[in-house]
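Participant: Here's the letter readout for the chains.
Number of protein chains: 2
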Amino acid sequence: MSALIALDWGTSSLRAQLLDADGVAVETRTRPWGIMHTPAGDFATAFRTLVGDWRERWPDAPALACGMIGSRNGWREVPYVDAPADAAELAKGLLSFDSGCGDLHLVPGVMQRGELPNVLRGEETQVFGALQMCPELVERGVLVLPGTHSKWVDVCEGRLERFATYMTGELFAVLRDHSILGRPARDEGHEGAADAFQLGLRNARDAGAQGIASRLFTTRSLYLAEALPAAHTLDYLSGLLIGEELRSVVASLHDEACPPLVLIGDAALCDRYRQALAFYGITETRHLEHATRAGLWQIATAAGLVAARAS
Amino acid sequence: MSALIALDWGTSSLRAQLLDADGVAVETRTRPWGIMHTPAGDFATAFRTLVGDWRERWPDAPALACGMIGSRNGWREVPYVDAPADAAELAKGLLSFDSGCGDLHLVPGVMQRGELPNVLRGEETQVFGALQMCPELVERGVLVLPGTHSKWVDVCEGRLERFATYMTGELFAVLRDHSILGRPARDEGHEGAADAFQLGLRNARDAGAQGIASRLFTTRSLYLAEALPAAHTLDYLSGLLIGEELRSVVASLHDEACPPLVLIGDAALCDRYRQALAFYGITETRHLEHATRAGLWQIATAAGLVAARAS
Numbered sequence: 001m002s003a004l005i006a007l008d009w010g011t012s013s014l015r016a017q018l019l020d021a022d023g024v025a026v027e028t029r030t031r032p033w034g035i036m037h038t039p040a041g042d043f044a045t046a047f048r049t050l051v052g053d054w055r056e057r058w059p060d061a062p063a064l065a066c067g068m069i070g071s072r073n074g075w076r077e078v079p080y081v082d083a084p085a086d087a088a089e090l091a092k093g094l095l096s097f098d099s100g101c102g103d104l105h106l107v108p109g110v111m112q113r114g115e116l117p118n119v120l121r122g123e124e125t126q127v128f129g130a131l132q133m134c135p136e137l138v139e140r141g142v143l144v145l146p147g148t149h150s151k152w153v154d155v156c157e158g159r160l161e162r163f164a165t166y167m168t169g170e171l172f173a174v175l176r177d178h179s180i181l182g183r184p185a186r187d188e189g190h191e192g193a194a195d196a197f198q199l200g201l202r203n204a205r206d207a208g209a210q211g212i213a214s215r216l217f218t219t220r221s222l223y224l225a226e227a228l229p230a231a232h233t234l235d236y237l238s239g240l241l242i243g244e245e246l247r248s249v250v251a252s253l254h255d256e257a258c259p260p261l262v263l264i265g266d267a268a269l270c271d272r273y274r275q276a277l278a279f280y281g282i283t284e285t286r287h288l289e290h291a292t293r294a295g296l297w298q299i300a301t302a303a304g305l306v307a308a309r310a311s
Numbered sequence: 001m002s003a004l005i006a007l008d009w010g011t012s013s014l015r016a017q018l019l020d021a022d023g024v025a026v027e028t029r030t031r032p033w034g035i036m037h038t039p040a041g042d043f044a045t046a047f048r049t050l051v052g053d054w055r056e057r058w059p060d061a062p063a064l065a066c067g068m069i070g071s072r073n074g075w076r077e078v079p080y081v082d083a084p085a086d087a088a089e090l091a092k093g094l095l096s097f098d099s100g101c102g103d104l105h106l107v108p109g110v111m112q113r114g115e116l117p118n119v120l121r122g123e124e125t126q127v128f129g130a131l132q133m134c135p136e137l138v139e140r141g142v143l144v145l146p147g148t149h150s151k152w153v154d155v156c157e158g159r160l161e162r163f164a165t166y167m168t169g170e171l172f173a174v175l176r177d178h179s180i181l182g183r184p185a186r187d188e189g190h191e192g193a194a195d196a197f198q199l200g201l202r203n204a205r206d207a208g209a210q211g212i213a214s215r216l217f218t219t220r221s222l223y224l225a226e227a228l229p230a231a232h233t234l235d236y237l238s239g240l241l242i243g244e245e246l247r248s249v250v251a252s253l254h255d256e257a258c259p260p261l262v263l264i265g266d267a268a269l270c271d272r273y274r275q276a277l278a279f280y281g282i283t284e285t286r287h288l289e290h291a292t293r294a295g296l297w298q299i300a301t302a303a304g305l306v307a308a309r310a311s
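Chains A and B, in that order, give the protein sequences. Reading the first sequence from the start, the letters are residues 1 to 311 in my numbering. Reading the second sequence from the start, the letters are residues 1 to 311 in my numbering.
Just so you know, the hints here were simulated from the structure itself, not pulled from any lab data. Every value quoted in this text rests on a predicted model; they were computed, and no experiment measured them. Treat the hints with caution; some may be incorrect.
Treat identical chains as interchangeable: a pair holds within one or across any two.
[To be verified] As a list, the in silico SDA-like pairs of lysine to any residue whose alpha-carbon atoms are at most 25 Å apart:
#1 92 x 44
#2 92 x 225
#3 92 x 226
#4 92 x 224
#5 92 x 221
#6 92 x 188
#7 92 x 73
#8 92 x 21
All chains should be modelled from the sequences, with the hints used to inform the complete structure.
Facilitator: Shown next, in the form of structure tokens:
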């Protein structure tokens, strides 16, 4: 008996999972049909192609999607819910419409208003998944979601309280592909170099309040001074940029102790963040995977789309 | 009587000037033949095409060039001179060779050695030009050369003492052209917006020791929150990035007073820096143009290529 069609529909990929009445995935299908890459931009056809047979077989299973599919460039734009927000508020903000292949419900993103507004879309689902997976975070926790745009989310009493965005992944990609810093590796190739990554982390930390603005160019000058091989320049740059993210976060703590910290996402990238955190003495970290699936189940439950599990 | 053929041969353009015995330009020729754009990569032909008639007419006038033409990707690689360096040391480091159209002398760049090495090439000539134009800087001064890679150069007793590099211009260009921050202006167009630039400066300054790492994304979130029109996003981003450069420099002063400060280069860009400096109470700035020509004359004099002027 299948209970929910759960979709993670982001910028670069689309993943659909068929969940049973316990929220366990019984089947998973992944396509490279992110919203920027959906064939002919035709979301309805992509949706029907991927899950049409599930809908026929399980006509009572609702479909719930999170991610950029609910953005301005997606299928329907779902208005942001204001932070702080709990799972019930996200559930109230669902946008539901006839997909042409049954109703589809879209999870809203979250906006933090004020002079320096901030937004996230997709990560809210991972956050509520993490709270279900790690009940000890519900009272107070920090969730770190590294990626193109890293999100640092403060959780307080079950609410997504506030968050910060670091464009570390995108900065790395544009500098690697389009700046002079990426040229040696573009010309001569790249290889992983743990010591170059560590050197980047150290140089970022040692920058102190000046930040890495005056040190970014050392990615090139160390290479020109023959202190850094071309093939190691990208790992050095990665260390500098992740290091600067951590330096900035730690400066924001104002000597408060860091609350329990959970890393969510790609294992290799989370490992880089774990190494960076260790430079600041933060070694008590956990790593979670599959938070999106758990979050979609949580939000579906809060919205009454599926029956709450007896706990 | 022409005394020197002075060339500023950089990445994107080539400028040749014929200087008289007082170092005054009597003719100027500019071509878009920077080292990355020289037709067929043939520096010899470009050189002969641009100045061949001058060489025939004034066979005794030496030719001296500064800039990226002396880099690894230029005509000949001129080894860096170590900082601190004075004009005499630059003159000793000239690389001279037969260009096929008479001898050509190339000015060396400067390398600052150490754990965080740094290099410049081209700016050394502007620095010694500025010292000739502003004798009050010789004892102690700070020269700011905004651009693709901004250089902040400390001068002490006539020496180029030390310097810092900020990749502000290149960061702006890659984010504008290749990141999500540039997309609204790429889609909808750009217009100058002094208040958006000022807001970026203020948000960078107010970031304090955290730096702009967590604020870069406000270029997008302010747009999404409809607090910043698409057409103004680039001026906001420019303010954030120039503001971060200034924030970092001011953090490095450790409460020392800023020494006399001179901006060198493009007037519109220098004006942006002047506005940014004003956010930190630094309002006593001068602006210099034509420092390269003056610097080539100084170095030619120090090298004995031209006779020193009676002063």
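Participant: Work down the list of hints and note, for each, if the structure agrees.
Facilitator: Against the structure, the hints come out as follows:
{"no.": "1", "hint": "92 x 44", "result": "within (24 Å within a copy, 71 Å between copies)"}
{"no.": "2", "hint": "92 x 225", "result": "between (58 Å within a copy, 21 Å between copies)"}
{"no.": "3", "hint": "92 x 226", "result": "between (58 Å within a copy, 24 Å between copies)"}
{"no.": "4", "hint": "92 x 224", "result": "between (57 Å within a copy, 22 Å between copies)"}
{"no.": "5", "hint": "92 x 221", "result": "between (53 Å within a copy, 23 Å between copies)"}
{"no.": "6", "hint": "92 x 188", "result": "neither (53 Å within a copy, 34 Å between copies)"}
{"no.": "7", "hint": "92 x 73", "result": "within (22 Å within a copy, 60 Å between copies)"}
{"no.": "8", "hint": "92 x 21", "result": "within (22 Å within a copy, 81 Å between copies)"}
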